[in-house]
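Protein chains: 2
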Amino acid sequence: MNNPNPVSRAVMVRLYHFALSPFCRKVRLVLAEKKIDVELVEEKYWEPKTEFLRRNPAGKVPILKIDGMNLSESQAICEYIEETHPEPALMPSAPAERAEVRRLVAWFDDKFHHEVTKNLVYERVNKKIMRGGYPDGRAVKAGAANIKFHLSYMEWLLDHRRWLAGDRMTLADFTAAAHLSCLDYISDVDWNRSPAVKDWYATMKSRPAFRSILADQISGFIQPPHYANLDF
Amino acid sequence: MNNPNPVSRAVMVRLYHFALSPFCRKVRLVLAEKKIDVELVEEKYWEPKTEFLRRNPAGKVPILKIDGMNLSESQAICEYIEETHPEPALMPSAPAERAEVRRLVAWFDDKFHHEVTKNLVYERVNKKIMRGGYPDGRAVKAGAANIKFHLSYMEWLLDHRRWLAGDRMTLADFTAAAHLSCLDYISDVDWNRSPAVKDWYATMKSRPAFRSILADQISGFIQPPHYANLDF
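Line by line, the protein sequences are chains A and B.
Counting in my numbering, the first sequence tops out at residue 232, every number present.
Counting in my numbering, the second sequence tops out at residue 232, every number present.
Hint data in this document are derived by calculation from the structure and do not stem from the laboratory.
Treat each hint with caution, since some may be false.
Copies of the same chain look alike in the list, so a pair counts if it fits in one copy or across any two.
25 Å max Cα-Cα, derived SDA-like pairs, lysine to any residue [as the list claims (entries may be wrong)]:
| id | residue 1 | residue 2 |
| --- | --- | --- |
| 1 | Lys-35 | Leu-158 |
| 2 | Lys-128 | His-114 |
| 3 | Lys-111 | Gly-132 |
| 4 | Lys-127 | Phe-18 |
| 5 | Lys-35 | Ser-219 |
| 6 | Lys-65 | Pro-88 |
| 7 | Lys-128 | Asp-67 |
| 8 | Lys-49 | Asp-188 |
| 9 | Lys-111 | Ile-222 |
| 10 | Lys-34 | Leu-53 |
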C-alpha cells in the first residue's frame, strides 16, 4: 500500500497477511528465499470483509495474489512457488525425501500449531488484538508444557541430521522457524533448553530472508530486545 | 494379517489405520485408484504402543509402510504415491491447478475436519470407542450446523465445475469423499440438501476404489442401510 507507482504495483506479487501468523511468515520466508518481491498488506482476518472472503472463502490468511490468481492455504502456496520458481530449491527431488519434508511441514503446521502456537500466540496476542477476551490460563499452561516436548523432538532430529528433514535446508526448516519466530516475539521459547536447536535457529535467523520478519512490530506488543538480535 | 503367504506379505504395502478416520480413508482411496494392493492393519491409535510411536512419533494414523519406509501425514503420503505411481493421475500437471487441488484438500482436511468431522464423528464414534465419555452436545450441534455451510460451498463449486477442483477428478474429490463417507456412516449427511452434491457422491461411491470403504463395519456402530447402497 506504500508503493506510489501504479505501474509497478500492477505487476507486483501481493500477500494479504497478519504479521504474527506462522503460516504467513512461512510464505514470506519462501518468497524472500526465492527473491520474489512482495507487497505486504496487513489483513484484519477476524473482521472479514466481502472482498476478503471473495479472495478466500475460508476467511484465512495468507492469501497470495500472484500470476493473476488469489492463492490460499500456506502449503498450497509454498508448493506453487516451488513449482514455478524452482531455484533455490526448498524441496528435495527424491520422493522419499519430499515425503519427509512434507511430514515435518505438517508436524509444525498441524501438531505444533495446535499444541503450542495456538495455546501461546493466539491466547496471548491474537485474542488481545481481536478484543476476544483474556488468555485462557489452562491453554497457556498446556502450550508452555508442550513446547518442551517439541524442542526435544527438534533436538533429536538435529542430532541425527544437519537440517530438520535431512542434509539440506528445506521448507521444513522455514516452517519450523516461522512458528518459533512467532513464539520468540512473545519470549515463549527457552533457548537454553537445547544448544542444537538454538544453533539451528541462529543460522535461520541470519539469513537475509529473515530480515523482514525480524523488523515486524506488532501494535501493543513491544519487540523484546533478543528477538531481532542475531547473537541472542 | 489374513495373508497366509509369507513371501507376498514381505513385499506388501501395509497401512496402519482406523476405519472411520477420513485421513486413512483418503489414503485407502488413493491406493485403490492406483491399484496398489495394501494390507490393512487396524491401529488403536488412542492406546499408543512403543512400536507405533516409533513408526510415527506424532502418534497418529495413517502410517503407510511402503518401499521400506513408514510414511505418515496423509497429504505427504498421497503426494508420495502420486509421485511414485503417477497413473492414473490424481493431480493435474499445471501448477495453478495443482494449487487449487491442494487448497481444497486443505479445506477438507483442516477446515471441514475441525468444523464438521471432529464435531460429529469424533464426538459420536471415536469417544465411545476410546471410552472417552459422552458426546459433547454443543460440539454435535455445531457440527450439524456447519455441515450445511460446507454442503452449500460444495454445491457452489459443482455448479461451476464438473469436479470439485476443476474439469477432472482429483485428490480433492477423494479427500472430500473420505470425510463425507465417515459422516454418512453415522447418517449425518442430509443428501436432500443438494442434488449436485448427491450426484457427485453417487459417482464417487460407484468407483471400484470405494468398495473396501463401503464394506467397513465399525464395532458397536451398525452400518446404516443407505451407506453402502449405490442408489441411496
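- Checking Lys-128 and Asp-67: alpha-carbon separation at most 25 Å within a copy, between copies, both or neither? neither (35 Å within a copy, 48 Å between copies)
- Item | Status of Phe-18 relative to Lys-127 across identical chains (alpha carbons, at most 25 Å) | Intra 13 Å, inter 35 Å, cutoff 25 Å: intra-copy only.
- Query: Checking Lys-34 and Leu-53: alpha-carbon separation at most 25 Å within a copy, between copies, both or neither?
  - Reply: Classified as neither; 28 Å inside a copy, 36 Å across copies.
- Item | Within, between, both or neither, where Lys-111 and Ile-222 count as close if Cα-Cα is 25 Å or less | neither (28 Å within a copy, 32 Å between copies)
- Since the copies are identical, ignore which copy is meant and state whether Lys-65 and Pro-88 lie within 25 Å (CA to CA) inside a copy, between copies, both or neither. within (21 Å within a copy, 31 Å between copies)
- Indicate which option fits the pair Lys-128, His-114 if close means a Cα-Cα distance not exceeding 25 Å: within, between, both or neither. Close inside one copy (19 Å) and across copies (23 Å); limit 25 Å.
- Query: Taking 25 Å as the upper bound on the Cα-Cα distance, should Lys-35 and Ser-219 be classified as within, between, both, or neither?
  - Reply: neither (28 Å within a copy, 54 Å between copies)
- Homomeric proximity label, Lys-35 with Leu-158: Cα distance no greater than 25 Å: neither (27 Å within a copy, 37 Å between copies)
- 25 Å Cα threshold - placement of Gly-132 relative to Lys-111: both (24 Å within a copy, 21 Å between copies)
- How do Lys-49 and Asp-188 come out at 25 Å by Cα distance, when the copy is not named: within, between, both, or neither? Classified as neither; 32 Å inside a copy, 31 Å across copies.
Going through the hint list in order, the structure does not satisfy hints 1, 5, 7, 8, 9, 10.
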